[in-house]
Amino acid sequence: MITAKDIYLSYDKTRFIIKKGSLHIREKEFIFIGGNSGSGKSTLIKSLYGDIGLKHGELFVDGHKMKSISASNLRKLRRDIGIIFQDYKLINEWTIEENIMLPLKINGYSSDISRKQALNLLSHVKLSHRKGYKPNELSGGEQQRVAVARALAHNPKIIIADEPTGNLDDYSAEVVWNLLKGANEQLGITVVVVTHRVPKNFGIKFRQLSIEDGIIYEVS
Amino acid sequence: MKSLKSILSFVIPLTAMLITFAIFLFTTKVLEDYKLKIANDYSIVVVSALPLIKDNLNEFAGIKVKNIVTLEKNKIISNMKNKLSNKSITLLKQRLPYFYKMHLEKYPTTSQLKQIKEEIENINTVKKVEIFSKNHNQIYLLLLIIQKIIAIVFVVILLYAVIIISKQIKIWFYEHHEKITIMRFHGASILYSASTVIRHAVFGALLSFLIVALLMILLNENLSLIFPLELQSVVDIKLAINSELLKIFLLSLFISLSTIFGVLFKYKLKND
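Chains as they are written, first to last, in my numbering: chain A, 1 to 220; chain B, 1 to 272.
Excised from the complex, chain A in its bound form:
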């Protein structure tokens, strides 16, 4: 599903954040990527959805060669990915229901189907009673639950999450982990999560990678 071979990533020409990084993630795997702050975890996952270009090496995501991916193929790839950002990245002028409908509409679903799916997901993240609220009317934990619901809405092949529970209270964090576990176990979605701390007693099979000084290590 995702294969990286000797990749180098950087934001400028002087300093590589990821150096000679290699990894292989199979379909339906649950992957944690750990490491200290500034180690390059976020940079690595940004490269998976084409937000940062590759300097050297080879990276394949769902069969797409990221170094030479065309704009239209990148759009196609992104439609098969659900992304959960640390800062949620919800559209503040829309209701949370409309936010969840976004990937469905982009994938060509009708408004009726998108609305039904959004309401279904809102009940899963226990926010049905707030469907008409705007994101900035919700707490951080609630916003992150909306972001998870949005990432799951269109049943993507891969979910990429950047510190999804970093700013959350225990209850919201548990809801988020349960949703991601369910997506992986029940729907067979490949999940790649960047996190400082892997939750204890996670309950499903996962693999853990770590990044130190720009180099990717297999932990377990």
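Please keep in mind that the hints were generated in silico from the structure rather than gathered at the bench.
Misleading hints may appear alongside valid ones.
Taking lysine-lysine pairs in the DSBU-like style, the calculated list, with each CA pair at most 35 angstroms apart, reads [said to hold, decoys possible]:
{"no.": "1", "chain 1": "A", "residue 1": "K134", "chain 2": "A", "residue 2": "K19"}
{"no.": "2", "chain 1": "B", "residue 1": "K37", "chain 2": "A", "residue 2": "K105"}
{"no.": "3", "chain 1": "B", "residue 1": "K37", "chain 2": "A", "residue 2": "K13"}
{"no.": "4", "chain 1": "A", "residue 1": "K5", "chain 2": "B", "residue 2": "K270"}
{"no.": "5", "chain 1": "B", "residue 1": "K73", "chain 2": "B", "residue 2": "K37"}
{"no.": "6", "chain 1": "A", "residue 1": "K55", "chain 2": "B", "residue 2": "K247"}
{"no.": "7", "chain 1": "A", "residue 1": "K13", "chain 2": "B", "residue 2": "K167"}
{"no.": "8", "chain 1": "A", "residue 1": "K134", "chain 2": "B", "residue 2": "K268"}
{"no.": "9", "chain 1": "B", "residue 1": "K73", "chain 2": "A", "residue 2": "K134"}
{"no.": "10", "chain 1": "B", "residue 1": "K64", "chain 2": "A", "residue 2": "K28"}
{"no.": "11", "chain 1": "B", "residue 1": "K117", "chain 2": "A", "residue 2": "K105"}
{"no.": "12", "chain 1": "B", "residue 1": "K66", "chain 2": "A", "residue 2": "K134"}
{"no.": "13", "chain 1": "B", "residue 1": "K5", "chain 2": "B", "residue 2": "K247"}
{"no.": "14", "chain 1": "A", "residue 1": "K46", "chain 2": "B", "residue 2": "K114"}
{"no.": "15", "chain 1": "A", "residue 1": "K19", "chain 2": "B", "residue 2": "K266"}
{"no.": "16", "chain 1": "A", "residue 1": "K65", "chain 2": "A", "residue 2": "K105"}
{"no.": "17", "chain 1": "B", "residue 1": "K167", "chain 2": "A", "residue 2": "K20"}
{"no.": "18", "chain 1": "B", "residue 1": "K179", "chain 2": "A", "residue 2": "K55"}
{"no.": "19", "chain 1": "B", "residue 1": "K64", "chain 2": "A", "residue 2": "K105"}
{"no.": "20", "chain 1": "A", "residue 1": "K67", "chain 2": "B", "residue 2": "K64"}
{"no.": "21", "chain 1": "A", "residue 1": "K65", "chain 2": "B", "residue 2": "K37"}
{"no.": "22", "chain 1": "B", "residue 1": "K170", "chain 2": "A", "residue 2": "K105"}
{"no.": "23", "chain 1": "B", "residue 1": "K114", "chain 2": "B", "residue 2": "K64"}
{"no.": "24", "chain 1": "B", "residue 1": "K167", "chain 2": "B", "residue 2": "K270"}
{"no.": "25", "chain 1": "B", "residue 1": "K270", "chain 2": "A", "residue 2": "K89"}
{"no.": "26", "chain 1": "B", "residue 1": "K64", "chain 2": "A", "residue 2": "K46"}
{"no.": "27", "chain 1": "B", "residue 1": "K268", "chain 2": "A", "residue 2": "K131"}
{"no.": "28", "chain 1": "B", "residue 1": "K114", "chain 2": "A", "residue 2": "K13"}
{"no.": "29", "chain 1": "B", "residue 1": "K64", "chain 2": "A", "residue 2": "K76"}
{"no.": "30", "chain 1": "B", "residue 1": "K266", "chain 2": "A", "residue 2": "K105"}
{"no.": "31", "chain 1": "A", "residue 1": "K116", "chain 2": "B", "residue 2": "K179"}
{"no.": "32", "chain 1": "A", "residue 1": "K55", "chain 2": "B", "residue 2": "K64"}
{"no.": "33", "chain 1": "B", "residue 1": "K170", "chain 2": "A", "residue 2": "K67"}
Model, not experiment: these values are computed from the prediction.
Since the structure of chain A is already known, use the hints to place chain B on it.
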């Protein structure tokens, strides 16, 4: 309040440009109508020793020849029939040169008429050229100057408007940057992501068009109130209001959309 201010920043320059364009259309129509009114107030009569080959006479002084009418000799002679004997009439018929009346496609100015006379006189067989005209030159030239000045003003305002509205569109892109980025992360095309900005521009274009259309209809209905009595004979025109409004509508939409797609293209190059 903020969104009203932002839409006005788009609408005002576009409306100014459309008003100038409407004035340009109006003066063009005034000029065309004036030309039609005075079109028959000149006459070019050519006297030739041999019959003229009309197909060879297409253009004089840069003005196309509309038609050349042969003046019947019998008609000319009939005026003198009573004074001459039959023998003299027959002789006269044989000796009389060929007379033609020439019409041009456009109303010629005095200097053009002079040039036309010279050019026709250069034809070997032509014996004489007579031009009869009333002098409309000053009003015609004045209208022509006004039309040209308005055309220049229109181009200047068009450039100014494009610069101002492209700046406003850039501001809209900046305001919606976060939203556009989120949509693009989810695989939306740039057109889909920027649909809010495109909607703003189309709304602005329609609003500008409505303002100018209203002004134009009012102007068309109240020409006699706007212009003094002395000018009535010159500006007494009937605008083909539907086609003029269509031109203004298309221009409004074209300028708005081409500017937004220009900015969009630049945005895409910068952010891809």
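Taking the hints in turn, this is what the structure says about them:
1. A:K134 - A:K19: violated (41 angstroms)
2. B:K37 - A:K105: violated (61 angstroms)
3. B:K37 - A:K13: violated (74 angstroms)
4. A:K5 - B:K270: holds (29 angstroms)
5. B:K73 - B:K37: Given that 35 angstroms is the threshold and the Cα spacing comes to 30 angstroms, the pair holds.
6. A:K55 - B:K247: violated (52 angstroms)
7. A:K13 - B:K167: The hint holds at about 32 angstroms.
8. A:K134 - B:K268: holds (29 angstroms)
9. B:K73 - A:K134: violated (93 angstroms)
10. B:K64 - A:K28: violated (80 angstroms)
11. B:K117 - A:K105: At roughly 73 angstroms apart (the allowed maximum being 35 angstroms), K105 (chain A) and K117 (chain B) break the hint.
12. B:K66 - A:K134: Given pair K66 (chain B), K134 (chain A) is violated - Cα atoms ~71 angstroms apart, limit 35 angstroms.
13. B:K5 - B:K247: holds (27 angstroms)
14. A:K46 - B:K114: violated (78 angstroms)
15. A:K19 - B:K266: holds (33 angstroms)
16. A:K65 - A:K105: holds (26 angstroms)
17. B:K167 - A:K20: Violated, at about 44 angstroms.
18. B:K179 - A:K55: holds (28 angstroms)
19. B:K64 - A:K105: violated (61 angstroms)
20. A:K67 - B:K64: Answer violated: K67 (chain A) to K64 (chain B) is near 64 angstroms, above 35 angstroms.
21. A:K65 - B:K37: Distance of about 72 angstroms is beyond 35 angstroms: violated.
22. B:K170 - A:K105: Holds, at roughly 26 angstroms.
23. B:K114 - B:K64: holds (15 angstroms)
24. B:K167 - B:K270: Between K167 (chain B) and K270 (chain B) the Cα gap is close to 16 angstroms, so the pair holds against 35 angstroms.
25. B:K270 - A:K89: holds (21 angstroms)
26. B:K64 - A:K46: The given pair, whose Cα atoms are some 69 angstroms apart, is violated under the 35 angstroms limit.
27. B:K268 - A:K131: holds (33 angstroms)
28. B:K114 - A:K13: Not satisfied, since the Cα-Cα distance of roughly 74 angstroms exceeds 35 angstroms.
29. B:K64 - A:K76: Violated: K64 (chain B) and K76 (chain A) sit about 60 angstroms apart, past 35 angstroms.
30. B:K266 - A:K105: Between K266 (chain B) and K105 (chain A) the Cα gap is close to 26 angstroms, so the pair holds against 35 angstroms.
31. A:K116 - B:K179: holds (23 angstroms)
32. A:K55 - B:K64: Judged against 35 angstroms, a Cα distance of about 67 angstroms means the pair is violated.
33. B:K170 - A:K67: Holds. K170 (chain B) to K67 (chain A) sits at ~30 angstroms (cutoff 35 angstroms).
In this structure, the hints that do not hold are numbers 1, 2, 3, 6, 9, 10, 11, 12, 14, 17, 19, 20, 21, 26, 28, 29, 32, in rising order.
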